[in-house]
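Q: Just add 2 to the spot in the sequence shown (first one is 1) and you have my numbering.
Treat the hints loosely; a few may be bogus.
In silico BS3-like links for lysine-lysine, alpha-carbon gap of 27 angstroms or less [to be verified]: (1) Lys183 to Lys149; (2) Lys165 to Lys149; (3) Lys149 to Lys112; (4) Lys54 to Lys148; (5) Lys139 to Lys149; (6) Lys165 to Lys211; (7) Lys54 to Lys83; (8) Lys112 to Lys83; (9) Lys149 to Lys83; (10) Lys149 to Lys82; (11) Lys112 to Lys141; (12) Lys148 to Lys165; (13) Lys83 to Lys165.
Think of the hints as simulated: they come from the structure by calculation, not from any bench.
Only a predicted model underlies this, so the values are computations on that prediction, with no experimental measurement involved.
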Amino acid sequence: MILPIFLLFLSSFINALHLEIPALPNPQPTCIRDFVQEGQMVVININTDGSKNDGQQLDVRVTDSLGNEYQTRKDIVGKKKIAFTSHNNAAFDVCFTNRQANKWSRNTNKHYSRIVELEIESGAAARDWNALQTSNKLKPNEVELKKIDSLINEISSELQYLKGREERMRNTNESTNSRVKWFSIIIILSLVGLGVWQIQYLRHYFKVKHII
């Protein structure tokens, strides 16, 4: 089984990429991975070149590591926007496949591809601050303060998540170490018991044979 190509992003707020997706008769997914917290909004902006019926079909599929599928778009061209709210604390993948049409695949001298400009925004960066400013009649400095407050809340929430994760991992390590310790003790006692039994057996055998 061919595994997808994964590109791991460390930024939690804005990710911008310029990709070239080759067109193949049996394409392998090219996936962009990011991590979001539960309830966090994610906006994916996609801009591609090419046109309809140019011998290529570029599809995009958004899923997370827990198996949730957020959206699938077929044969995308131009600008597309995908927005969703994360169901869990999990990594999500934006996967592209560019399939070459059969009638075009006969021309082996030419290689087809699509250029994709991808931007991923999550959390505070994904909010429409202009709409918020207009609806609430906020001043520019008030909008900036709200952005900062939203970012602080996200950082605090992420720190709490990391702290809880560290505690769970520590508990798992302690439990594993305890099991390994008792398992080692049982093995040692079993080996000692086996050694004593072998000594007693050999002594009995030698006595029966009048060797000792």
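Q: Taking the hints in turn, state whether each one holds.
A: Do the hints match the structure? See the list:
1. At roughly 51 angstroms between alpha-carbon atoms, Lys183 and Lys149 are farther apart than 27 angstroms, so this suggested pair is violated.
2. About 24 angstroms separates the Cα atoms of Lys165 and Lys149, which keeps this hinted pair within 27 angstroms; it holds.
3. For a cut-off of 27 angstroms, the pair hint linking Lys149 to Lys112 is broken: about 48 angstroms separates their Cα positions.
4. Only pairs whose Cα atoms come within 27 angstroms are accepted, and Lys54 paired with Lys148 is rejected, the gap being roughly 42 angstroms.
5. In summary, the hint linking Lys139 to Lys149 is supported, as the alpha carbons are separated by about 15 angstroms, within the 27 angstroms threshold.
6. The suggested pairing of Lys165 with Lys211 is violated, with an alpha-carbon distance near 68 angstroms, which exceeds 27 angstroms.
7. In summary, the hint linking Lys54 to Lys83 is supported, as the alpha carbons are separated by about 18 angstroms, within the 27 angstroms threshold.
8. Distance hint between Lys112 and Lys83 is unfulfilled; the C-alpha atoms sit about 31 angstroms from each other, more than 27 angstroms.
9. For the hint linking Lys149 to Lys83, the alpha-carbon distance of about 22 angstroms falls within 27 angstroms, and the restraint holds.
10. Distance check on the hinted pair: Lys149 and Lys82 sit about 25 angstroms apart at the alpha-carbon level, within 27 angstroms; holds.
11. Between Lys112 and Lys141 the CA atoms are separated by roughly 55 angstroms; this puts the pair beyond 27 angstroms, and the hint is violated.
12. Between the alpha carbons of Lys148 and Lys165 the distance comes to roughly 26 angstroms, so the proposed pair stays at or under 27 angstroms and holds.
13. A hinted pair counts as satisfied when its Cα atoms are at most 27 angstroms apart, and Lys83 with Lys165 does not qualify at roughly 34 angstroms.
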